[in-house]
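Residue numbers (our numbering), protein chains in the order written: chain F, 1 to 540; chain H, 1 to 70; chain D, 1 to 403.
Simulated from the structure, these hints should not be mistaken for lab results.
Hints may contain errors.
[As the list claims (entries may be wrong)] Okay, derived cross-link-like pairs now, DSSO-like style, lysine-lysine, Cα gap no bigger than 27 Å in a straight line:
#, chain 1, residue 1, chain 2, residue 2
1, F, Lys355, F, Lys366
2, F, Lys299, F, Lys283
3, D, Lys397, D, Lys263
4, F, Lys283, H, Lys3
5, F, Lys254, F, Lys300
6, F, Lys272, D, Lys294
7, F, Lys149, H, Lys69
8, H, Lys64, D, Lys331
9, H, Lys45, F, Lys80
10, F, Lys254, H, Lys64
11, H, Lys33, F, Lys39
12, F, Lys167, F, Lys254
13, H, Lys53, F, Lys39
14, H, Lys53, D, Lys324
15, F, Lys73, F, Lys7
16, H, Lys64, F, Lys143
17, F, Lys254, H, Lys53
18, D, Lys263, D, Lys197
19, D, Lys5, D, Lys361
20, H, Lys3, F, Lys149
21, H, Lys44, F, Lys80
22, H, Lys67, D, Lys331
[Stated by the list, open to error] If you want a taste of the chain H side facing chain F, the calculated C-beta under 10 Å gives, among others:
#, residue
23, Phe8
24, Val39
25, Glu40
[Unchecked claim] To give an idea of the chain H side of the interface with chain D (calculated C-beta under 10 Å), a few residues:
#, residue
26, Phe23
27, Phe27
28, Phe65
29, Pro66
30, Lys67
31, Lys69
On a predicted model such as this, the values are computed, not experimentally measured, just so you know.
A virtual CB, placed ideally from N, CA and C, is assigned to each residue, including glycine.
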Amino acid sequence: MAKNIKKALKDFWYGKPHTAEEGGRRLGELYEDKTGLLKHREWRGFKDTMYYMYNIWGYNYVHMVTDILKYSKNPIDFFKGTWRYRWMGQTYLPVIHWFERGLQGMRGEALAASAWHYRAMVSASIHQICNFFNADTRLHGGKETEAYKHSFYANETTCGTLFYPWKDAGYQYIPMEMIPYFVTCHVNSHTVLNYIDAVQSIGLPGDPCPMCQAESGLFVLDDVPDSAPFIITCNEACDASVSTHTLQDWFADKPLFALPLPMQFDDPLVKKYCMNEIEECWKFIEEQTGVPFDWECMKKYLERQNKLQRDEWEKWEVASKTDYYPINGVAQALFRIYSTQYGIQGTFWEEASEKVKKIMYKCVEKKINPFPQTRHRVIAWSCAPLYYSNWCTWAYNCWGLNVIINMDSLMFDMEIRTDSYEHMLEDVAQYHMWAPMRRMAVGGMHHIFELWEYMEKFNCDMVAMYDQLQCKGMQGVHGLFEDEFRKRNIKAFWMPHALPDCRTVSRAEIRRQINDYMTTVMHEEPLDPSLLDFDDSMTW
Amino acid sequence: MCKIGKFFLKLLGILFAANAALFVVFFFDLDGKLLFNVVEPFLKKHYDNMERKDVLQEAYDMDKFPKYKY
Amino acid sequence: MRDLKHLIYFENLLQEANNDLVKQAKAEGKRAIGYTCYFMPEVLLDLPGCFSVRLRAPRCVSPDLATYYLSGRVCHYARSLLERALEGGYNFLDAQMGTETCTATCRFQEHLQQKHLDSVEDMRIIDNDDFFCEFTDIPFKNTENSYQHYETQLRAHVLEPLHEHFGVDISDEALIKTIENHNEVCRLINEIGDYRKLDNPTITGYEFHVIQLVSLTCPKELILPYLRETAEEMKTREPDDRKNFRCKVVLAGSENDDPDFTKLIEGCGALVVCDRFCYGAVESRVPIVLEEGKSPLRCIAEHYLKTSNCPRFMPQDEMRARKKRLADLAKEYHADGVIIASNKFCEYWSYERVIDTFILKRDFGLPVCSIEKEYINSASGQLRTRFQAFVESVEIKHIQEGK
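For reference, chain F alone in the conformation it holds in the complex:
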């Protein structure tokens, strides 16, 4: 009896222990069948539960409102936009559940640090949403407001860095599909299916990259705000990306500048070409806006961006050499891709980065291991399932697989020199050629096989190999990876998925693949058996 009371008190104060042997917290039993909603939230111990409730759950609900007031020219537009656009209404509200899925089971420093990454992403997303709605002619009775005239669209894979020179003149770049497509997939995977179906309804086959399908489908469903007078597109990252613009051009019917980047980016001869293309793009913007390129402005934001890059390197240093890195796999991956793609558009990335570094150095100084149940240090390679980006959280909770780094985080891996215009241009060209899904996937297959070097650098002993079924580039190296894994005797499991489309490979199927690998190949027992099999087919 006394023992039970003692245990209950201990559980109340510290939360239940992770593993089945220790009595286990059995996180899988928290889920309602199918919906993925929680019967009740996890009791993480008194301190962490209160931290979660006030500093994450409550704090973020409040900030979702205050951010709107901060970034919106008229908050009413925000509600009008929510009513008008499916990606907005269906996605914005379940944001806190997105936190929940990514932070499940986290404790202490891991919980706090990972949540700061999420917080920054939400803030950046609201910033973008407000930019959309401030300028959207549809929400302003067809009127081209000043915000409209001071905005320009770019394809979401065109990196924001290119557009810094017009920031201080009040021009805002809006990545056309980043919120309507990319962010929605993470937050609410139901939304994007409408867009995929829409583009297939006009005759597009089901096999091209589903990301590109969804990006086109947004236009087919007339669900893209009319927030900018012109568009910049690029050829990142694949054939379907290039082709998507043909449909977007038709339906948007605005001046469009194509910014192609060379494919064979190792070749020193391509750099000049790339630099010229970027300069042509800048001339196009000058022509459209009537505002000249501002070198000082470019320099100012690049320096801030460089600082953020150095912060990231500091974090990677800790991640690679110690067990004290407090960011979980999904928070690491998404923060990096969101921040590099959107660029310095507010202070959210820098603020979050500072806070995370503080927590990280506390872990280092006090030798706190934020992921004490780590059995394998995992590197995740290729492109991740957007509808199940939080698989890493599940994998740690269930199997002790701690995803240290992932391929997307390693793109854009450089500082940009600001000592002269020429150096800057050269580096910006290189930077853009190293964009996500590009740095490893094009320009020769040896890039994708840099995996081995990064495995060693980040001290990983296992590979989570994403298998995006509709990515032609990655499918085209499938057999060689199999051969190489065998030859090098590397522990690797494949994770089939269809990027945003959870109907092609369900989350349960992804988990089953990992479970099979861990039991039949690794002969390991789960840390939390309740997470092995559960039905979350209808979840966000």
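Please arrange chains H and D on chain F, whose structure you already have, making use of the hints.
Leaving out everything else, chains H and D in the frame of chain F:
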């Protein structure tokens, strides 16, 4: 007890009750349940029934835009 | 119509990549240079001492080994090429001039590279000690910057490697001579192809497809006499008294080196009078014009970027203009409609097909048959039904218009 003391006690009581209510919402994921079961279906219905432009009727002029070369 | 004298010979040449004329040229000491894409100018690979072979994998229906490497979810063409390579069917190649112009063929070519990876090296797919594979970066636009870049790339990654490896003469004089030969092939193919513009054409789409393909896959010098003879023969070729087709069509779309596909369409009553697809003649047989003040290489670079209608081209005006150019072709060749055929898993043409299908019909009044096909079309029954229905719809349209 003075009036101020009573006021603070009352305030504390209200704060405690509000926190308790908030904790119930938080702990039992009532926000998630409301959004999933009520708000999202309502919004979905709204978006599904929304009148949308038939983009396939959009013009596709061959000469509308110049060649952007610099 | 009287049978073309060399048709069966041409058909036989298309049965293997390493055909009789390729073997003959190799026996004469010439180097065989493989390529897959229009953006690798064949004229450069036809310089003295070497010859171009645009790769095909005829009769490859079950690319099992290649499916292991590339998976079953990339285009059948790329898989077939890799399968044929793995079978040793391209061991005659001395070099592969690669382009990263579409993902699937790029991955195929990267498998041939024999570097970077232990496993690839072990595979030694092309069993030829001299073999090398070199990639050229191809621009996505037809602007001044692109011309310069393309020219630089062609010099660095095509001409210089050919010179370094095989001692090929890459002087301007050699280029000019090769352009002349190339232009003769173009002239002959165009001369033969122009008979498709007649009211009652004296050549079928199938025959033309075969002739165009041999011009892409055989050493130019060796195929030229046959082309000359065929062009002569065409001058006196009489059409059948009764038209043996029900309508004329332009065939547009992705990679197509299968004349049987054209035959299938024609078997349904639609004569293919124009071939605007990869491996077709519309772009590839436009003669190269040498301009004063420009080097031959620069002229070649501009030519290939200016003539291409490939959907990978990104400029806005270009994206739109190529729809009109397709409609203009239908007019030029007196076609009643357009068949747009994209290969399964070809992303460029999947999108282009969607737009073409709407725009050609809506804005140009052209009936369009939009289909998805495989590299080798084993499911011909389904396609036949589609084509027959299309031909009927065109006929009904004619009746309604009182033609």
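Checked hints:
no. : hint                     : verdict
1   : Lys355(F) with Lys366(F) : holds, 17 Å
2   : Lys299(F) with Lys283(F) : holds, 18 Å
3   : Lys397(D) with Lys263(D) : holds, 24 Å
4   : Lys283(F) with Lys3(H)   : violated, 71 Å
5   : Lys254(F) with Lys300(F) : violated, 31 Å
6   : Lys272(F) with Lys294(D) : holds, 21 Å
7   : Lys149(F) with Lys69(H)  : holds, 23 Å
8   : Lys64(H) with Lys331(D)  : holds, 22 Å
9   : Lys45(H) with Lys80(F)   : holds, 17 Å
10  : Lys254(F) with Lys64(H)  : holds, 9 Å
11  : Lys33(H) with Lys39(F)   : holds, 9 Å
12  : Lys167(F) with Lys254(F) : holds, 22 Å
13  : Lys53(H) with Lys39(F)   : violated, 41 Å
14  : Lys53(H) with Lys324(D)  : holds, 25 Å
15  : Lys73(F) with Lys7(F)    : violated, 53 Å
16  : Lys64(H) with Lys143(F)  : holds, 22 Å
17  : Lys254(F) with Lys53(H)  : holds, 17 Å
18  : Lys263(D) with Lys197(D) : holds, 18 Å
19  : Lys5(D) with Lys361(D)   : violated, 39 Å
20  : Lys3(H) with Lys149(F)   : violated, 59 Å
21  : Lys44(H) with Lys80(F)   : holds, 16 Å
22  : Lys67(H) with Lys331(D)  : holds, 25 Å
23  : Phe8                     : violated, 21 Å
24  : Val39                    : holds, 6 Å
25  : Glu40                    : holds, 6 Å
26  : Phe23                    : violated, 49 Å
27  : Phe27                    : violated, 45 Å
28  : Phe65                    : holds, 5 Å
29  : Pro66                    : holds, 7 Å
30  : Lys67                    : holds, 5 Å
31  : Lys69                    : holds, 5 Å
Hints 4, 5, 13, 15, 19, 20, 23, 26 and 27 from the list above are not met by this structure, while the remaining hints are.
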